[in-house]
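2 protein chains.
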Amino acid sequence: MTMQRYRYNSLSPDERMGLARRPFAETESLIRTVSPIIEEVKRNGDDAVRKYSEKFDGVRPDPVGTDPENCSSVLPAEQSEALELAARNVFRFHREQVVPSLSVETMPGIECRKETRPIERVGLYIPGGTAPLPSTAIMLGIPATVAGCQTIVLATPPGENGEIPPSIAWVAKKIGAKTVVRAGGAQAIAAMAYGTETVPKVDKIFGPGNRYVTAAKMALQQSDAMVSIDLPAGPSEVLVIADSGADPRFIAADLLSQAEHGPDSQVVLAAIDGFNTDVLLNELELQTAALPRSAIARQALEESFVLEVGSPDEAIAFSNLYAPEHLILNTADAADLAEKVQHAGSVFIGPWTPESLGDYASGTNHTLPTYGYARMYSGVSLQSFQKSITFQTATSEGLWNLGPTVVTLAEMEGLQAHARAVSIRLEKLEAEVESSKKRVRNKRSGG
Amino acid sequence: MTMQRYRYNSLSPDERMGLARRPFAETESLIRTVSPIIEEVKRNGDDAVRKYSEKFDGVRPDPVGTDPENCSSVLPAEQSEALELAARNVFRFHREQVVPSLSVETMPGIECRKETRPIERVGLYIPGGTAPLPSTAIMLGIPATVAGCQTIVLATPPGENGEIPPSIAWVAKKIGAKTVVRAGGAQAIAAMAYGTETVPKVDKIFGPGNRYVTAAKMALQQSDAMVSIDLPAGPSEVLVIADSGADPRFIAADLLSQAEHGPDSQVVLAAIDGFNTDVLLNELELQTAALPRSAIARQALEESFVLEVGSPDEAIAFSNLYAPEHLILNTADAADLAEKVQHAGSVFIGPWTPESLGDYASGTNHTLPTYGYARMYSGVSLQSFQKSITFQTATSEGLWNLGPTVVTLAEMEGLQAHARAVSIRLEKLEAEVESSKKRVRNKRSGG
Chain A
0 MTMQRYRYNS LSPDERMGLA RRPFAETESL IRTVSPIIEE VKRNGDDAVR KYSEKFDGVR
60 PDPVGTDPEN CSSVLPAEQS EALELAARNV FRFHREQVVP SLSVETMPGI ECRKETRPIE
120 RVGLYIPGGT APLPSTAIML GIPATVAGCQ TIVLATPPGE NGEIPPSIAW VAKKIGAKTV
180 VRAGGAQAIA AMAYGTETVP KVDKIFGPGN RYVTAAKMAL QQSDAMVSID LPAGPSEVLV
240 IADSGADPRF IAADLLSQAE HGPDSQVVLA AIDGFNTDVL LNELELQTAA LPRSAIARQA
300 LEESFVLEVG SPDEAIAFSN LYAPEHLILN TADAADLAEK VQHAGSVFIG PWTPESLGDY
360 ASGTNHTLPT YGYARMYSGV SLQSFQKSIT FQTATSEGLW NLGPTVVTLA EMEGLQAHAR
420 AVSIRLEKLE AEVESSKKRV RNKRSGG
Chain B
0 MTMQRYRYNS LSPDERMGLA RRPFAETESL IRTVSPIIEE VKRNGDDAVR KYSEKFDGVR
60 PDPVGTDPEN CSSVLPAEQS EALELAARNV FRFHREQVVP SLSVETMPGI ECRKETRPIE
120 RVGLYIPGGT APLPSTAIML GIPATVAGCQ TIVLATPPGE NGEIPPSIAW VAKKIGAKTV
180 VRAGGAQAIA AMAYGTETVP KVDKIFGPGN RYVTAAKMAL QQSDAMVSID LPAGPSEVLV
240 IADSGADPRF IAADLLSQAE HGPDSQVVLA AIDGFNTDVL LNELELQTAA LPRSAIARQA
300 LEESFVLEVG SPDEAIAFSN LYAPEHLILN TADAADLAEK VQHAGSVFIG PWTPESLGDY
360 ASGTNHTLPT YGYARMYSGV SLQSFQKSIT FQTATSEGLW NLGPTVVTLA EMEGLQAHAR
420 AVSIRLEKLE AEVESSKKRV RNKRSGG
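Taken in sequence, the protein lines are chains A and B.
Take the first sequence: its position 385, counting from 1, is numbered 384 in numbering that gives the first Met the number 0, and each next residue is one higher.
Take the second sequence: its position 103, counting from 1, is numbered 102 in numbering that gives the first Met the number 0, and each next residue is one higher.
Warning: the hint list may mix true and false statements.
Since copy identity is lost for identical chains, a pair holds within one copy or between any two.
Taking lysine-lysine pairs in the DSS-like style, the calculated list, with each CA pair at most 30 Å apart, reads [to be verified]:
1) LYS177 x LYS442
2) LYS339 x LYS173
3) LYS41 x LYS172
In case anyone wonders, no lab produced these hints; they're calculated from the structure.
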């Protein structure tokens, strides 16, 4: 197996930056490609979804949206038990992400609060392809139930028989989805964004997908559909940091578990001096040969690289530049090293934590920022299914304390009506004080 | 003053939905307008920023980006004290939004964590216009400092003398901004997104602005600039709910404090039976006449409407359909009513809490979702300046417990290399168990 090899301390800052850069993705032309599909679904609803499903997937789903109860979800016990355990761990981790209401008295008489509310209607897209992906349905569906989203819509491409896979239907029932959309691609995304005769309109769309799905999400998030999206998505990635104590067979298996996703998967190994890269490359060769998806993995690996580094700190420095979706720390000091991670989607610590654990069942979410977006985006979490609202209450005393400051600031900004909304209230308070003083005086002189 | 008037229970669901809909904003053509500016700033840096600043604002800033120490920030004591108090309240409320690290043992030997990290480099856009807006600089800058963002860049259009207003410079110094960008419009947004000779490239751009600024943010968030944005922005809005106990003079002042923002400001009054709308309309006339921005306010009010409702619950039902940026509850049961709010940016409870308090100094953030986006977006908060990373650590026992489930799920999804990354580790554990058994047997037979 050949992988490109670089030495960290022989590279200039610009060259390091270059290695951290992903291949350019052309979104504009993709958006132009999906726009007519979106427009047609907006206008013609289910008919348009059926038309494009037939064109791209060779099936005409009818009805497009249906109750999950109409879908077969029979699975071998081993499979349903595995899904059950994964769902339970994901539930446990996301349930603990509930943040209590916050209440702060910022000054006497001024109370500020922050509370969360569920996003009412959410659409979950589960890609199709060579095999169904029930794990993605769990990763999106379980947090939606924890958040308390009222309407969950789940879309996935149907098989040749027009039905969705039983494993996806199993999860749809588990999460109480209201509607299953038997369609994929831009047409399914558009159906959830605008709503159709059989598909409820949603407020936010989640889930990975091919570049047409991603382009549709991006186009819709700034359209008249009034819908937001979870993340900008790109090809999946892993960066592995290995030192002399790491088993090259484990490292090879971890690199391959990323490489098998697709020929455009990004795979990087930061090998700390002492790690035996030659043994690794040999292992990669052996393990690749045994894979059903070896051609895909081989293509991905040929675009990937090994970066030789002199220390764990150099490795982390590059990782923070690269901002990987997945970061595996297979080093003696992995737990300490994790503290230095500034930008990553999810981190896998120590020799017994392959990325696969998080992909399926450790409890963390596998919907993560790719393409370097871990610099500024979080992966999907409970918070992705909620929004927060702030509340404030001023007592008359609070307004008395804070009002004059607000009048000064509003006048600085030339917004007299803003100032007036405060001063008209201060005047009423003053008048009340005056009239009560008068009452006291009258009482005194009278009594 | 004339305002359109409707009666809630005479409207069909479709008509209610129609009232809740905002005027359509054409983003696509705006994006086409700003694209050449963005491209030129990407290519030519500061020169392009200067060119467009001269074209649109009549000034040629040189240098474009500068240290805040080079900007005059002398203010009258009353003004700097007001800014200081506002900053302190905003700091207090946002500091309490810090969420501690989360650690959950989802099953024996599997630890999952969620931690936050600051977004490293942030760009804050402060619009210009008739007067500087130091309050917006506080609302964006203070949370950035609480989050620990390393590089804060602040952009605002310069005055005729090429300098930024002293009040903005005052805040820039207060928040430790690294660079002040003396430019506005799409050219300033592009400068922060790509970086120029004097402007550091940022990871996320915050702040309101005119439609060209908004279009530039939207175009850049899905470009090769690798930048995210805070919120889709639109014209500012308020929905006021008033009952018979509400003082019509307060209500008029509150409606006007929104209406003075611009002719496209959205102003809605939900008047519960018993509230005297005729007195209100008269008050509106009187107060409008006294405003310096009366022409703007009058235009906005003519596009606005009063919705007559039979009860607080009807009012909240419409408010949740409308999803206002600002919601003022001026009713006897305001605190209870607040519990029923599902979709809003920020809520102002009771007679002594005008919106102006939150706009400037209560402590809540005034950067809020407009246009109905409160259904799925939160306002700016501490979390807007952070992202979260998940971590997981499996012990060998943890992998032993969870591994077989992951193998089953990976095989269901046809991802053999994912399964292999687990099974290769399980085999090593088995081998270790076997060899330790052997050692025990050998010891027994030997000893």
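Classify it for me, LYS339 with LYS173: is the Cα-Cα distance of at most 30 Å met within a copy, between copies, both or neither? between (38 Å within a copy, 28 Å between copies)
Evaluate LYS177 and LYS442 at a C-alpha cut-off of 30 Å and name the case that applies: within, between, both or neither. neither (69 Å within a copy, 63 Å between copies)
How would you classify LYS41 and LYS172 at a CA-CA limit of 30 Å: within, between, both, or neither? within (28 Å within a copy, 49 Å between copies)
The structure shown violates just one earlier hint, number 1.
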